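Join the two chains, each given in its own frame, into one complex according to the hints.
Protein sequences, first through last, are from chains A and B.
Quick note, the first sequence lines up with residues 1 to 113 if you use our numbering.
Quick note, the second sequence lines up with residues 1 to 110 if you use our numbering.
Please keep in mind that the hints were generated in silico from the structure rather than gathered at the bench.
Check the hints yourself; a few may be wrong.
[To be verified] Using 20 Å as the maximum straight-line C-alpha spacing, the simulated SDA-like pairs for lysine to any residue come out as follows:
1. A:Lys42 - B:Ala40
2. A:Lys22 - A:Leu11
3. A:Lys58 - A:Leu46
4. A:Lys22 - B:Gly43
5. A:Lys22 - A:Pro113
6. A:Lys22 - B:Gly41
7. A:Lys37 - B:Lys80
8. A:Lys42 - B:Gly87
9. A:Lys71 - A:Gly55
10. A:Lys22 - A:Thr65
11. A:Lys42 - B:Glu22
12. B:Lys79 - B:Ser103
13. A:Lys42 - B:Ser78
14. A:Lys71 - A:Val20
15. A:Lys37 - B:Thr100
16. A:Lys37 - B:Asn63
17. A:Lys42 - B:Asn63
18. A:Lys37 - B:Leu11
19. A:Lys57 - A:Lys42
20. A:Lys22 - B:Arg42
21. A:Lys37 - B:Arg42
22. A:Lys42 - B:Thr10
23. A:Lys42 - B:Ala9
24. A:Lys57 - A:Gln14
25. B:Lys80 - B:Gly43
26. A:Lys42 - B:Gly94
27. A:Lys42 - B:Thr108
28. A:Lys42 - B:Gly43
29. A:Lys57 - B:Asn96
Nothing here was measured: the structure is a model prediction, and the numbers come from that model.
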Amino acid sequence: GENVEQHPSTLSVQEGDSAVIKCTYSDSASNYFPWYKQELGKRPQLIIDIRSNVGEKKDQRIAVTLNKTAKHFSLHITETQPEDSAVYFCAASTNTNAGKSTFGDGTTLTVKP
Amino acid sequence: SQTIHQWPATLVQPVGSPLSLECTVEGTSNPNLYWYRQAAGRGLQLLFYSIGIGQISSEVPQNLSASRPQDRQFILSSKKLLLSDSGFYLCAWGHNYGYTFGSGTRLTVV
Numbered sequence: 001g002e003n004v005e006q007h008p009s010t011l012s013v014q015e016g017d018s019a020v021i022k023c024t025y026s027d028s029a030s031n032y033f034p035w036y037k038q039e040l041g042k043r044p045q046l047i048i049d050i051r052s053n054v055g056e057k058k059d060q061r062i063a064v065t066l067n068k069t070a071k072h073f074s075l076h077i078t079e080t081q082p083e084d085s086a087v088y089f090c091a092a093s094t095n096t097n098a099g100k101s102t103f104g105d106g107t108t109l110t111v112k113p
Numbered sequence: 001s002q003t004i005h006q007w008p009a010t011l012v013q014p015v016g017s018p019l020s021l022e023c024t025v026e027g028t029s030n031p032n033l034y035w036y037r038q039a040a041g042r043g044l045q046l047l048f049y050s051i052g053i054g055q056i057s058s059e060v061p062q063n064l065s066a067s068r069p070q071d072r073q074f075i076l077s078s079k080k081l082l083l084s085d086s087g088f089y090l091c092a093w094g095h096n097y098g099y100t101f102g103s104g105t106r107l108t109v110v
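So here's chain B without its partners, still in its complex pose (with noise of 0.2 Å):
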């Protein structure tokens, strides 16, 4: 069957800190994935997508970074956290159906 995991589920970091978060799914190949964060209260923003090994494709611009080093590996990391990183992350897998989202990764930046 077809899943999509992400990890860690809650994360509290100093401002200045790296960030690594991931992303990984099983049961299919080639997948489209998404990096979204969602602040307090809102909606949510795409942050990064990907259609393939090494293609990352970047919404807004930040200090906040992606790589997709392995088919069906998706990470979002930072070299130094701001304040402002702080929200709930979710990896998405996109498929014919729309998408399933990941459990989460809720950051917050101290």
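Okay, chain A solo, but in the shape it has when bound (with noise of 0.2 Å):
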């Protein structure tokens, strides 16, 4: 089956500064990848999606980019605000199996006003 590997576990910048959140995936026929924020006590919410046909997917402040031959994608947070802080995770899947995600095991950043 899939396996996501998330990195790194624990992500701490001074407000202003860029946030970089890697993942790795081993199932090549995934093809949709999502990121999740969650706050503390919430359910996780989708901040940003990107499919295999695509490379790079920009919103606002946040971005995301695909590397298919090396099967790993980033979140990219610029100009971090204290309200960024919560606990990230990325997650792959493909349009088998019921389009079931596996998710990396977060990582939780912390914004320094």
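Pasting the structure below:
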């Protein structure tokens, strides 16, 4: 089955700096890569996603890049703000197997004011 | 609009007691539904998924079970809870844009 590894497990940055979280996946059939943000005690919420036919996607301060050859994808947050502090999860899925996603173990991002 | 409901929000249960968590989806038909568990400070572990009424796939052998009695209803159950069943349980609806998660149930087994 699919295996997703996520690094780092914790990340602390100063407000205004950039943050980068990286994930690798094992199943070359995976074609959909979402990122979720989970604030303390809340449900994970989708913040951005990318499909395998695209190399990069950007939404305001958030961007995701995908390297299919190397089987890795990354989340980039620029101009970080204290409200960006949360746990971020990457995931990988395919159109088969009922679209079930395999998640990374999460990255706890702390943005210091 | 499409929404997902999950209840209860919190639950404290003694070891050996039964469990029933319920999840319902509105605004769509024949959704793919999932149950995940999140241990404290950890990632999301897929427990069960369902692509239709009566169709359940189990990912992790354990003392939990799932059922889908109606198209938009997904239930997680246990006959006898263990201490290790404590965690944050999340129901999710899968669609072309990833998952929409329910608000979660924080289960503490004492």
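Q.
With the threshold set at 20 Å, check whether the alpha-carbon distance from A:Lys57 to A:Gln14 stays at or below it.
A. 24 Å, violated
Q | A:Lys37 paired with B:Asn63 [C-alpha distance capped at 20 Å] | A | 30 Å, violated
Q.
Hinted pair, alpha-carbon criterion (20 Å max): B:Lys79, B:Ser103. Please report holds or violated.
A. 24 Å, violated
Q | Pairwise hint evaluation, A:Leu46 against A:Lys58, where the allowed Cα distance is 20 Å at most | A | 14 Å, holds
Q: Verify the proposed pairing of A:Lys22 with A:Leu11, using a straight-line Cα cut of 20 Å.
A: The hint holds at about 11 Å.
Q. Would the pair B:Lys80 and B:Gly43 pass a check requiring their Cα atoms to be no farther apart than 20 Å?
A. Roughly 24 Å separates the two Cα atoms, so the pair is violated.
**Q.** Hint consistency between A:Lys22 and B:Gly43 [alpha-carbon to alpha-carbon, up to 20 Å]
**A.** 15 Å, holds
(Q) Does B:Asn63 sit within 20 Å of A:Lys42, going by the straight-line distance between their CA atoms? (A) 26 Å, violated
Q) Going straight from one Cα to the other, do A:Lys42 and B:Gly94 come out at no more than 20 Å? A) 18 Å, holds
Q: Compare the distance between the alpha carbons of A:Lys37 and B:Leu11 with 20 Å, and conclude whether the hinted pair is satisfied.
A: 24 Å, violated
Q. Does A:Lys71 pair with A:Gly55 here, judged by a C-alpha cut-off of 20 Å?
A. Distance of about 12 Å is within 20 Å: holds.
Q: Given the hint that A:Lys37 pairs with B:Arg42, test it: the Cα-Cα distance must not exceed 20 Å.
A: This hinted pair holds, its Cα atoms lying about 14 Å apart.
In this structure, the hints that do not hold are numbers 5, 7, 12, 13, 16, 17, 18, 19, 24 and 25, in rising order.
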